[in-house]
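Here the protein sequences line up with chains A and B, keeping their order. The first sequence begins at 1 in the UniProt record's numbering and counts up by one. The second sequence begins at 1 in the UniProt record's numbering and counts up by one.
Because the hints were derived from the structure by calculation, they are not lab data. Bear in mind that the values here come from a model prediction, so they are computed numbers and not experimental data. Every residue gets a Cβ at the ideal spot worked out from N, C-alpha and C, and that includes glycine. Errors might be hidden in some of the hints.
[Stated by the list, open to error] Computed cross-link-like contacts, PhoX-like style, restricted to lysine-lysine with a CA-CA straight-line distance of at most 25 Å:
1. Lys97(A) x Lys277(B)
2. Lys97(A) x Lys403(B)
3. Lys344(B) x Lys290(B)
4. Lys35(A) x Lys180(B)
[To be verified] Label pairs and their computed distance ranges (CB to CB):
5. Asp65(A) x Asp65(B): 45 to 55 Å
6. Asp82(B) x Leu16(A): 20 to 30 Å
7. Asp56(A) x Pro67(B): 47 to 57 Å
8. Thr63(A) x Phe432(B): 39 to 49 Å
9. Pro293(B) x Lys97(A): 27 to 37 Å
10. Arg172(B) x Leu16(A): 31 to 41 Å
11. Pro32(A) x Gly151(B): 32 to 42 Å
12. Lys408(B) x Lys97(A): 51 to 61 Å
[Unchecked claim] Per the computed footprint, the stretches of chain A lying under chain B, defined by three or more beta-carbons under 8 Å from a beta-carbon of chain B, are:
13. 23–37
14. 55–64
15. 84–91
As a plain string of letters, each chain reads:
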Amino acid sequence: MTIAVAELRVEDKLFLNRYLVDAGGPHIKVRPHEKPSPNLIALTRVCPAKCYELNDKGQVEITADGCMECGTCRVLCEASGEIEWNYPRGGFGVLFKFG
Amino acid sequence: MIEEKFDAIVIGAGMSGNAAAYTMASRGMKVLQLERGEYPGSKNVQGAIMYADMLEKIIPDFREDAPLERHAVEQRFWMMDDTSHTGMHYRSDDFNEAMPNRYTIIRAQFDKWFSRKVREAGATVLCETTVTELAHDTKGKVIGVRTDRAGDVIFADVVVLAEGVNGLLGTRAGLREMPKPETVALAVKEMHFLPEEVIGERFGLKGNEGCVIEAAGTISRGMTGLAFLYTNRESISLGIGCLVSDFASTTESPYALLDAFKRHPSVRPLIAGSEVKEYTAHLIPEGGYKAIPQLFGDGWVVVGDAAQLNNAVHREGSNLAMTSGRIAGEAIFQINSRGDPMTKENLALYKTMLDNSFVVKDLMKYKDMPVLLHTHSRHFFMTYPQLMSLAAQNFMRVDGTPKIEKEKATTAAFIKARSRWGLVSDAVRLAFAWR
Numbered sequence: 001m002t003i004a005v006a007e008l009r010v011e012d013k014l015f016l017n018r019y020l021v022d023a024g025g026p027h028i029k030v031r032p033h034e035k036p037s038p039n040l041i042a043l044t045r046v047c048p049a050k051c052y053e054l055n056d057k058g059q060v061e062i063t064a065d066g067c068m069e070c071g072t073c074r075v076l077c078e079a080s081g082e083i084e085w086n087y088p089r090g091g092f093g094v095l096f097k098f099g
Numbered sequence: 001m002i003e004e005k006f007d008a009i010v011i012g013a014g015m016s017g018n019a020a021a022y023t024m025a026s027r028g029m030k031v032l033q034l035e036r037g038e039y040p041g042s043k044n045v046q047g048a049i050m051y052a053d054m055l056e057k058i059i060p061d062f063r064e065d066a067p068l069e070r071h072a073v074e075q076r077f078w079m080m081d082d083t084s085h086t087g088m089h090y091r092s093d094d095f096n097e098a099m100p101n102r103y104t105i106i107r108a109q110f111d112k113w114f115s116r117k118v119r120e121a122g123a124t125v126l127c128e129t130t131v132t133e134l135a136h137d138t139k140g141k142v143i144g145v146r147t148d149r150a151g152d153v154i155f156a157d158v159v160v161l162a163e164g165v166n167g168l169l170g171t172r173a174g175l176r177e178m179p180k181p182e183t184v185a186l187a188v189k190e191m192h193f194l195p196e197e198v199i200g201e202r203f204g205l206k207g208n209e210g211c212v213i214e215a216a217g218t219i220s221r222g223m224t225g226l227a228f229l230y231t232n233r234e235s236i237s238l239g240i241g242c243l244v245s246d247f248a249s250t251t252e253s254p255y256a257l258l259d260a261f262k263r264h265p266s267v268r269p270l271i272a273g274s275e276v277k278e279y280t281a282h283l284i285p286e287g288g289y290k291a292i293p294q295l296f297g298d299g300w301v302v303v304g305d306a307a308q309l310n311n312a313v314h315r316e317g318s319n320l321a322m323t324s325g326r327i328a329g330e331a332i333f334q335i336n337s338r339g340d341p342m343t344k345e346n347l348a349l350y351k352t353m354l355d356n357s358f359v360v361k362d363l364m365k366y367k368d369m370p371v372l373l374h375t376h377s378r379h380f381f382m383t384y385p386q387l388m389s390l391a392a393q394n395f396m397r398v399d400g401t402p403k404i405e406k407e408k409a410t411t412a413a414f415i416k417a418r419s420r421w422g423l424v425s426d427a428v429r430l431a432f433a434w435r
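The following block holds chain B by itself, in its conformation from the complex (with noise of 0.2 Å):
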């Protein structure tokens, strides 16, 4: 099929597969990139929100043709319990900027475009062919692929797995472990089309504007999970994940979880009258800095889901895999451009330059928090927001009891839950894991 060698091949045309074949392409890279799907997002699921700062860094007028629903100018944060929410909005009109910080998107438009922006920069993009396994040489490196088309090994210098958070080929060849239940979240999504003056209404936006909430606590039924609701220009993406593990114990139903959020009474009036469009489903990388693998070896990187960087405290996840592809992107151009063969040692620039980025910096800091959340989530998910929920409406109702007492109340409400020692190691943990 395809007789040359390439100085790279990408496998997968996600976000890091993408920024790391369009990094290197532009750069004038002889560069293969290969996708299972139909189409470039075919495969892909993401909530979506996408940050502007790590696109810029790759293609800097991004604005000009990318396909972005709406820029956000208002995040509610919203504590669960079954009939109520209590939360915290944040909504400037600061984030009405000329180049807006951050964006909903719709991944298989959006991967589509970006993909384009990959061939333009001179890469060979072959859709429809999965990659069955890695070649190696004698030695162990990795010198190319074998898919499932006609022909032999297609040869590289160095294969970048952007293969994402369910990748075969680099668990199978021993690169790196499978994911573990506690370190994957499964979410499910579903897309609900609306008029876009409708959205516009029910969520007091203007134009373009838009608005992201993002709710925990008894939606998920005591797993560690979240759920979520990002307006686009003419629908809403609407999901709930929960880990795997926790999935696993529970035999909760992801679509079930997905159905009770929607019928629950503060997201009902926001979606309701709409058409869904789309079922989805997908794995989160949640494990965090500690579930990181080898990021690099003889001829081969790993990027993005498949190299688990994705910061679930934050929701951060595309941001991370673009980021790290460019790097890989970049390292792998300094190395080439050097004349140097694409070995282990030389690839550690990878690393090094990964390191130093926000990347591995942010899931440092959050490194406890995935255990914290996990061992803890009855109490985080299920015992506060209720408590929460209680303390709110005690506060609110006005119904003759002197306000000392209501305060006894409340505090006597939250002892009784988790005793004053729970309530102040819960607290401490929290402070140490986020600090």
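Chain A extracted, bound-state conformation (with noise of 0.2 Å):
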């Protein structure tokens, strides 16, 4: 007998989770760079919420809609200043259910 177990990808996971996108004022921003540290570059790996992706010009970039503010790239690259990171206003940014 094979038992099923629901496999999501991570975009059909965040769709899960409850949202107040705070429109055109995203709480993190990856700064212009030429080329990223070996940290900017784990977290199109180690987002948990796949926020950050490499563009073809080999440059991180992020769209922070999904974030689950874990705050691991701050601890990663705030830093050495590649991201800027704050929280989103009042009220916005991921509302959990269940936390």
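Assemble the dimeric complex from its two separately framed chains, guided by the hints.
Given below as structure tokens:
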């Protein structure tokens, strides 16, 4: 007997969550760069919401809409100045139903 | 917005913030609590297990109306390789007591309840308000906060930073360092819903009994990490976490680890047919005693995860958070009732009281454990689980091989993998870190 365990892509998992997106006011920004550091590149794999992606010029871009505000990217890349991290405005961002 | 001055401002409505706000407000202090989420709990993530004793010391009759899921009667520790687990179970009917020792909870619901208690105790709780900055006087004393709402500084004698592991305020103000990649773990979690009776059948539980599974081994792919599966009333919280530094160097994806854990033959049948309703991520402070920052200063104290108060070895976080919040509240109340100013010298009382509590004593006991597990992660999370499985399987299979040969083969496998010296030194290191 095979036992089904629902498998979801990260993008689909994020749809399960509730967000109030602050349109036009992303709380995390990647600073313009020529060549991303290893930590910044690692975020394309390590960010649990898959917010970071490499563009075709080999630079890292962020779409913060699905961000779960864990802070992993801040811990890895804020000190080097590659990203700028703030909390979303009060009430905005991810809103966990269970947590 | 708010013209008056408060005795205390608490930043954050998680476990430590609610404990601090409740402790001070219930003693008659004028408290303002600020929370950036839409409601208390909306930004908070935990496994989650809540220990009764630490909450009882704050709200003794919490069992009357707190949203509790199940009380744990069984704990399983699993050492996993790719197809097996070698486990230790402890199950006791003694845990079916009138006032159970620990419960599973769902934080968004629990935090709403706790926050209601804080408001009933007389504190002003303001949600959807992100504190943007600490306000200082000319001598550097913290005298209040600025928020993203209109209005100027909100003043208070003391600010309690209960802003969580990723707290921006304290680090930006230079009160403590940023968490380092090797002192925080990234954990991801899913909520799997199943009918209550199905959970009861699968785990052998009746009524509100609960089962807790914690698992380590090849599931973390050589990284320092732990997976867990906790039964709630009609859901299962299931997750895995590893050190951020390990994630960065291996570039493993947390969601891939979680999916592999769910597919593991030991886990799959437990969650089969479930409906996933939420996916969360959170950092967990893992640095232990050596990562505790400066805990107090002129006009401020820091509590809970923001102060790295988490016992990773025993997987206790929220009880240290609640206790540090309560102790901070009690210390501030003592200073306040003497009519003394909230200076660094006076607020040192908080640290003295915390040092004398289980919080710092427990973290001190395991002060060497984080570094040991980090530097030897491959052995503890890959080699040994695989060897344990081999030994157990060798022992279980009856195939006509004389037992003495089986024993020799098992011993040889251990020595081949780690050498005699390696085995002894791992054991000694572990014993010393544990002692």
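Taking the CB of Arg172(B) and the CB of Leu16(A), does the distance hold inside 31 to 41 Å?
-> Since Arg172(B) and Leu16(A) have Cβ atoms about 32 Å apart, the given range 31 to 41 Å holds.
So does Lys408(B) sit 51 to 61 Å from Lys97(A), Cβ to Cβ?
-> Taking Cβ atoms as reference, Lys408(B) and Lys97(A) lie about 55 Å apart, which means the hint holds.
Mind taking a look at whether chain B covers the stretch 23–37 of chain A? Criterion is 3 or more residues with CB to CB distance under 8 Å.
-> violated (count 0)
Restraint check for Lys97(A) with Lys277(B), where alpha carbons must lie at most 25 Å apart = Holds, because 9 Å separates the two Cα atoms, which is no more than 25 Å.
Under the criterion that the straight-line Cα-Cα distance not exceed 25 Å, is the pair Lys344(B), Lys290(B) satisfied?
-> holds, 22 Å
Satisfaction of hint between Lys180(B) and Lys35(A), Cα-Cα up to 25 Å | Roughly 23 Å between the alpha carbons, so the hint for Lys35(A) and Lys180(B) holds.
Chain B covers the stretch 84–91 of chain A, three or more CB atoms within 8 Å, holds or violated = Check passed, 7 qualifying residues.
Please test the hint of 47 to 57 Å on the beta carbon pair from Asp56(A) and Pro67(B).
-> Taking Cβ atoms as reference, Asp56(A) and Pro67(B) lie about 49 Å apart, which means the hint holds.
Does the hinted range 39 to 49 Å hold for Thr63(A) and Phe432(B) at CB?
-> holds, 47 Å
Three or more residues of the stretch 55–64 of chain A near chain B by CB distance under 8 Å?
-> With 0 residues closer than 8 Å to chain B, the stretch 55–64 of chain A misses the three-residue bar; violated.
Could you say whether the range 32 to 42 Å given as a hint is met by the Cβ separation of Pro32(A) and Gly151(B)?
-> holds, 34 Å
For the range 27 to 37 Å, tell me whether the beta carbons of Pro293(B) and Lys97(A) fit it or not.
-> holds, 32 Å
The structure is inconsistent with the numbered hints 2, 5, 13, 14, although it conforms to all the rest.
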